[in-house]
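Novice: Spelled out from the first residue to the last, the chains are:
Number of protein chains: 2
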Amino acid sequence: MFSQLNPQLIHNLERLGLTENEAKAYVGVVSLRETTAREVHELTNVPRAKIYEVLKVLAKKGYLEIRQGSPTYFRAVDPKQVIGKIKDEFINCAIEALDQLNELSYELPKTSPVWCIQSEWGIKNRIREILSGVKEELIVFASSPEILQEFEADLKKLEKTCRLTFIVNELDRFKLLPFEFRETTKEFSDFMNNIVIDGLQYDEQFFMIADGKESIGVHSAGNKREAVVIKLPVVCYLQKMIYNRVLEPSFIKKDLNSV
Amino acid sequence: MFSQLNPQLIHNLERLGLTENEAKAYVGVVSLRETTAREVHELTNVPRAKIYEVLKVLAKKGYLEIRQGSPTYFRAVDPKQVIGKIKDEFINCAIEALDQLNELSYELPKTSPVWCIQSEWGIKNRIREILSGVKEELIVFASSPEILQEFEADLKKLEKTCRLTFIVNELDRFKLLPFEFRETTKEFSDFMNNIVIDGLQYDEQFFMIADGKESIGVHSAGNKREAVVIKLPVVCYLQKMIYNRVLEPSFIKKDLNSV
DNA sequence: ATCTATTGTTACTTTAGGGGTAACAAATGT
DNA sequence: ACATTTGTTACCCCTAAAGTAACAATAGAT
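Residue numbers (the numbering used here), protein chains in the order written: chain A, 1 to 259; chain B, 1 to 259.
Any given hint could be a false lead.
Any copy will do: because identical chains look the same in the list, a pair fits if it lies in one copy or spans two.
[What the hints assert, rightly or not] Quick list of in silico lysine to any residue cross-link-like pairs, SDA-like style, CA-CA up to 20 Å:
#1 87 to 188
#2 85 to 96
#3 61 to 225
#4 175 to 221
#5 60 to 88
#6 85 to 68
#7 87 to 120
#8 61 to 15
#9 224 to 66
#10 50 to 124
#11 61 to 217
#12 85 to 14
#13 61 to 22
#14 80 to 103
#15 85 to 15
#16 135 to 11
#17 80 to 124
#18 61 to 116
#19 87 to 17
#20 60 to 188
#21 61 to 224
#22 124 to 223
#23 87 to 99
#24 87 to 14
#25 56 to 116
If you are wondering where the hints come from, they were derived from the structure by calculation, not from laboratory data. Quantities reported herein were computed from a predicted structural model and do not represent experimental measurements.
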């Protein structure tokens, strides 16, 4: 009747490189164990005129076995073997691509002073990269605890070798995290949550200054989230100053004032 | 000038899920390290009208970082990270697909008596499966040593627990392999190399009978190679008889004659 | 300030792969 | 012999992605 096929499974198989009809047909044969083209067609709704070619292709790829005759019968090779094969081929491909990409890198990385990152994964990736390079001091601002939780382990490790300063705007919301937090002034946090440029609402969610020379800030502008990496020592110095200024006076340490 | 891009690399990246233009653009940015859309366009020949959108997409996926301005600059995220991410996602997908496929297997495998396998990988896979199921006796015929080499380790292991009989048509060609071989009669090997059915030349290359009830034969018909699996005990018995008959008389053992 | 070249965008065409449909030939079964 | 099922062929359609051409917006030069 109407497709009992798990659409998520079909989608996954497509991502593994099968066409939609190939995915449906393979699932069909696996479901039916040992079967004819017609049965597969009826279960999967792949047009009967197409099913023969599709099953042939799958057999050629080694995913099916065939018993000739009229009708011809088909049998699925164990999914574990099939998926394993696809995976192996993909991984070989990935390894080869990586090798080839690495050969392109003849120049040393020109490190430009400012970059913008527009994917969630890219942001986390870059934060982790910066964290792994911190030598002495790290200042972290966060407007909500989620992102800190994400990097809790990395930060905990850093705590042993570096001076860490955590700045937040509401101490309460962070009390579950095992760090010592300092609170910003009310004015500052109001300001941070309410920056509008060209009609776009900016919401600074996270900020980090590493060794006073590299910073990354994560904000949402409109409905998009992005991060900005800045490596200009001057700018970072200014940023650091600002963060030092906006701490609640009672928490400001002597040595920070002297900078 | 004319593309210095490694086409193999482009092809690999396409297999990893990028479009051709995305692959070229990413390779371009990796090559140029830190660069503008125009430079990427000139290096890769991706149409200039397309390069902006393509680079944006790559940034959205997290493979590039952006420095806004006019011109906008682009920088590649470390290929190791990028390829690693793609690989992880793929593998998750593969694992999920396998789980879902395994849920479909409600019935016990109906074992049909005869199957045809049309991919090299599928053939090897099935041979290995059969080898792993042998309990007592295995008879192997091979017309060339390559395929035996492929399974040398598996066969060596079997030798300890089973009676193994190797039948070949030219002892000389197999002397490098660490097994005891028996030779067929000249007539038989001539016959085997010269079977023509419906104008198609059949060349039996490999044959194996496991415990007298399951057999697999690999042959090329025309220019195609395929394998036939037969699980009918009767047929296997007959096949076994034939193989026993065609051994050079001097090598025929007593107990084989008595069967 | 004006002109020019470059940057970035938009709208369109083309192509190829995959999917769907209809109609026919070949084989099977009554 | 006839009908049914199996298998094939020739189409059409749609979409994703590549290519093209022309225009707007910006930056640099005179």
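Novice: At most 20 Å between CA atoms: does that hold for residue 61 and residue 116 within a copy, between copies, both, or neither?
Specialist: between (43 Å within a copy, 13 Å between copies)
Novice: When no copy is named, should residue 87 and residue 99 be tagged within, between, both, or neither for a Cα gap of at most 20 Å?
Specialist: both (18 Å within a copy, 14 Å between copies)
Novice: Within a copy, between copies, both or neither: where do residue 85 and residue 15 come within 20 Å Cα-Cα?
Specialist: Both: 15 Å inside a copy, 15 Å across copies.
Novice: Using 20 Å as the alpha carbon limit, work out where residue 61 and residue 22 are close: within a copy, between copies, both or neither.
Specialist: This pair counts as within: shortest intra-copy Cα distance 11 Å, inter-copy 27 Å.
Novice: At most 20 Å between alpha carbons: which applies to residue 87 and residue 188, within, between, both or neither?
Specialist: neither (51 Å within a copy, 42 Å between copies)
Novice: First find the shortest C-alpha distance between residue 87 and residue 120 inside one copy, then the shortest across copies, and answer within, between, both or neither for a cut-off of 20 Å.
Specialist: between (26 Å within a copy, 17 Å between copies)
Novice: Are the CA atoms of residue 80 and residue 124 at most 20 Å apart within a copy, between copies, both, or neither?
Specialist: between (33 Å within a copy, 15 Å between copies)
Novice: How would you label the pair residue 56, residue 116 (within, between, both, or neither) given a Cα cut-off of 20 Å?
Specialist: This pair counts as between: shortest inter-copy Cα distance 12 Å, intra-copy 48 Å.
Novice: My question is about residue 87 and residue 14: at a cut-off of 20 Å on alpha-carbon distance, are they close within one copy, between copies, both, or neither?
Specialist: both (13 Å within a copy, 16 Å between copies)
Novice: Reference check for the pair residue 61 and residue 15, CA-CA at most 20 Å: within, between, both, or neither?
Specialist: both (16 Å within a copy, 16 Å between copies)
Novice: Using 20 Å as the alpha carbon limit, work out where residue 61 and residue 225 are close: within a copy, between copies, both or neither.
Specialist: between (42 Å within a copy, 13 Å between copies)
Novice: Is it within, between, both, or neither for residue 175 and residue 221, if the alpha carbons may be no more than 20 Å apart?
Specialist: Neither. Shortest intra-copy (28 Å) and inter-copy (74 Å) distances fail the 20 Å Cα cut-off.
Checked against the numbered hints above, the structure violates hints 1, 4, 6, 10, 16, 20; every other hint is satisfied.
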